Amino acid sequence: MSAKISSYETAEIRGPKLAFNLTPENCGRMLKRSKRLLVVVGGDALKMKIDDGVDVPEVAVRLARSLGGTIVASPGVFKAFQGVSAVKLINMGLEDAVNRLKDESWKGFDGMGGYDMAVFIGGLYYFQSMMLSTLKHFAPNQKTISLDRFYHPNATFSLENLTPDKWKAGLDAMLQLLEEKK
Amino acid sequence: MATKISIKELDSQFAKIRGLDLVIGKIVEAGEEWSEPVGPTPYPDITALRSWDQRLLARYPPFYSPLSDFCEFCTYGKCDLTAGKQGACGIDMATHQGKWSLLTCVMGAAAHATHAHHIVEYLIKKYGEDHPIDVGSEIGVEAPLIRLIAGIKPKKLGDLKEVLTYLDNQVTQLTSATATGQEQAPVDYESKALHAGMLDNLALEVADIAQISALGLPKGNSDTPLVEIGMGAIDKSKPVVLCIGHNVAPGSEVINYLEDKGVYGSVEVAGICCTAHDLTRYSKNAKIVGPISRQLMFVRSGIADILIIDQECVRADVVDEARSVGTRIIATSDQVCAGLPDLTEKTPDEIVKALLTDTPAVLVRNPVKVGEVAARAAIEAAPQRKSEKGLKDEQVLANTSRCSLCRECTENCPINLDIGYAVNAAKKSNLEPLQKIFLECIGCGRCDEACPQSIPVLSTINAAASAKIREEKFTIRVGRGPIRDTEIRNVGRPIVMGEIPGVIAFAGCSNYPGGNEDLAKMADEFAKRRYIIVASGCAASDLARYRDENGQTLYEKYPGDFDAGCIVNTGSCVSNAHPIGAVIKIASIFAKRNLRGNFEEISDYILNRIGAVAIVWGSQHQKAMAIATGANRLGIPVILGPQGVKHRRAYLGRSEDDEKWSVLNARDGKKVYGGPAPEHLLYVAETIEETMVMAARLVMRPNDTAKGRMIKLSNYINLHKQLYGTMPDDVQRFVRAETDIPITMKEDVIPVLEERGWKPIEIPDPTLLDRMVLRRE
Ligand code: SF4
Ligand code: SF4
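Residue numbers (my numbering), protein chains in the order written: chain L, 1 to 182; chain E, 1001 to 1777.
Calculated directly from the structure, the hints in this document are not laboratory data.
The model shown is predicted, which means the values in this text are computed figures rather than measured ones.
Just to be clear, a hint being listed does not mean it is correct.
[Stated by the list, open to error] Keeping only pairs whose Cα atoms sit at most 30 Å apart, straight-line, the calculated BS3-like set for lysine-lysine is:
1. E:Lys-1473 - E:Lys-1238
2. E:Lys-1592 - E:Lys-1468
3. E:Lys-1126 - E:Lys-1085
4. E:Lys-1660 - L:Lys-107
5. L:Lys-79 - E:Lys-1473
6. L:Lys-47 - E:Lys-1660
7. E:Lys-1219 - E:Lys-1436
8. E:Lys-1078 - L:Lys-17
9. E:Lys-1236 - E:Lys-1436
10. L:Lys-107 - E:Lys-1153
11. E:Lys-1521 - L:Lys-47
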């Protein structure tokens, strides 16, 4: 029997192009191939630690470090990254960041070129959904992956809807896989 | 485009003419009492300001976030427009989003224009066309938007009719552009959306100055009375007439009738949304239940004996909800007939009888009649009202036993509250999570619809929070209407020089991501920092619904002047005209710029010199987007809260695009760097931290003096450090000379500037308009 994948918000029903649903392990395999990774951390990230027990800033830092990626953190959560070293960190609102990501001629935060993968984690569901929609429609070559606990149909790849425990365990497994690389 | 031909003196073989200004479709006789010359765009048509719009859109291109992947506007469709695909008619997604943008703004503009029609027609019928426009003795510039856009100076109610005719004509033309096969470029859709926004702002002013003049609403005085607001403020022991919507006419007639009969003190007249504001402006004994988020909650309480619905922001289920708790309903507007039988032609006796017997919901399109009928029916119905209608709290909460924690409700909540978890906790007798949700809930009721166990979820939230509801009683300063010319004279210079760090206007609906307290905390912080705070509509109500650590509401804590460190409530949605009008008046009164038909020049002035920004933290309605877009055309940036992303469009600048931030120096015509000031015209923020720092950034203007920039930068850097823990990444873009750096921050800032290769630049006399250059080198 095939499982029904639906968006987290009931009415967030999209069209023919929906995110490929991946397990956390498959996300890890996919991410391993990334040469220029951008991790976009949304403004709901701190709440997720309280609600779901997942320390999203820590996940983002481990992820970026393991792949040499850059983190762009929404201003509301930026303070949580204070004192973090060995990773490039940008403080920028999601709309501002996506406005740059959708521009094919943009040279990235370091001037070295665009990003081959943008990971989204920690955003307000409806807000992040719309940012992913912008990229899906206006930057069709920009690959995006949502590592949030909820399925995001507008990403290129997304986790399915998970319980907090499964999400936490899945992210751990994914990070271990990525960190093994080193 | 409207064209003006001025003929000072013509002596030809055909005619002799002296002192004649000709404007398309209209002749303005020289020597008319208003001596101000007519600018280039009186009554601009839909393309008259296109070149100004294109300047704005080149700097702040539209940023689209589609809410749906399809176009469903014609029978070729549905068409999939994903990722570059075109629809059967040839439209692509960006153009489709442009169409949505125009549609949203034109819906808002049409709603406000119709509202203006209704109120002006009612007032003319009652007070006559010659009733003078008088919005206060200290207010010489009585109608800044009308002067600026229409190019007329209205003296009596009848003068507003020509502005209404213009609005009708333009709204029709804009709507026509959205039809299939018409407009086809996003940039032109956006230019038209900006036009719709401008019309919306104009309609606001028409409606408000008419009602201020004729109904004797406050005329700009700062010390209007404090009145009660809150679900707990309503005296249930009295008959209760509840008015929902935006048109004060029927509600004010209820008060008139009760006063005539000498029984006003024994009947409670209250409102929700903007009618509530205007009722308290009309009579300080009226009460405000709350903003739109309280609509369903309060109607379900059954406390109202009579519910009057007028127009705009009336929930589509309110008639059924009110009926289910035994409240009688009177619909009053052509816009919201609600499927009800029209009893307008019946006598008051017949209508009262119908309401109290077999027809508990009726349409009556005559405000005077509504006044009598509602008052009489409420008095008669009140004794039949059970002390508490519907189920008792315990009975409602007992429903939670059916909760299976499926979380369907959570997945339907538009702001992602974990209501399922809270209902399930209540099942185990823990009401705390539900009580917390009450503080954040926007009262939409979507969770009710979602629950497969038919648990009335919203009622459950209310039952859990019933003690809080009873205590929900705050104070709000009655909407004062316009800003006085004397106030503009006092603050004009410090605002333009930047010494008052900015004007921050709070507007919009109560569609917040996490409760209204966030809004109030933002206003509190900016008032403490001595910005000028202005609020209108549901945002003004929500600022009141909060007490600080000393138990004071913001209206008790801060004076109501248009001055640094004060909080002004201008009134209802239509009173949003006044913060916008105040900004225009700075250009006119302080800078002595002509307003008459001079839109482009004044917008250029505002964009480059007046540090005003609006925060629409809870945008829900199309009207909110229309108001914001109108402000944008005038050069006022707006920040929306996260739900505003569903309006699908922002106008974003890019701070690193140095080329786009050049301005002309009016002193010598040279192109110089003006900085990303303001960086965006319409930005959607995710969190309050982002909103606050963004607001402190968006009030910067190229014209700021060194002292002014120092004050603005000091707030910006300080908030950035406080909320983000770091020095702003873009500080170097805002320092023109070392004198701009706040003295106490020099040690921190100078090394950063050096590291980032900063070089001093000249402070220009900034403009985007060639014709404003005084002298070319
Ligand atoms: S009524 Fe409140 S809890 Fe229910 S869906 Fe709406 S916002 Fe969420
Ligand atoms: S939808 Fe109903 S049954 Fe499901 S979690 Fe919510 S309240 Fe409980």
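Do the hints match the structure? See the list:
1. E:Lys-1473 - E:Lys-1238: With Cα atoms ~17 Å apart, E:Lys-1473 and E:Lys-1238 stay inside 30 Å; holds.
2. E:Lys-1592 - E:Lys-1468: Violated - the C-alpha atoms of E:Lys-1468 and E:Lys-1592 are around 51 Å apart, more than 30 Å.
3. E:Lys-1126 - E:Lys-1085: Roughly 56 Å separates the two Cα atoms, so the pair is violated.
4. E:Lys-1660 - L:Lys-107: 18 Å, holds
5. L:Lys-79 - E:Lys-1473: With Cα atoms ~36 Å apart, L:Lys-79 and E:Lys-1473 exceed 30 Å; violated.
6. L:Lys-47 - E:Lys-1660: 38 Å, violated
7. E:Lys-1219 - E:Lys-1436: 40 Å, violated
8. E:Lys-1078 - L:Lys-17: Holds, at about 15 Å.
9. E:Lys-1236 - E:Lys-1436: Given that 30 Å is the threshold and the Cα spacing comes to 26 Å, the pair holds.
10. L:Lys-107 - E:Lys-1153: 52 Å, violated
11. E:Lys-1521 - L:Lys-47: 19 Å, holds
Hints 2, 3, 5, 6, 7, 10, counting from the list given before, are not met by this structure.
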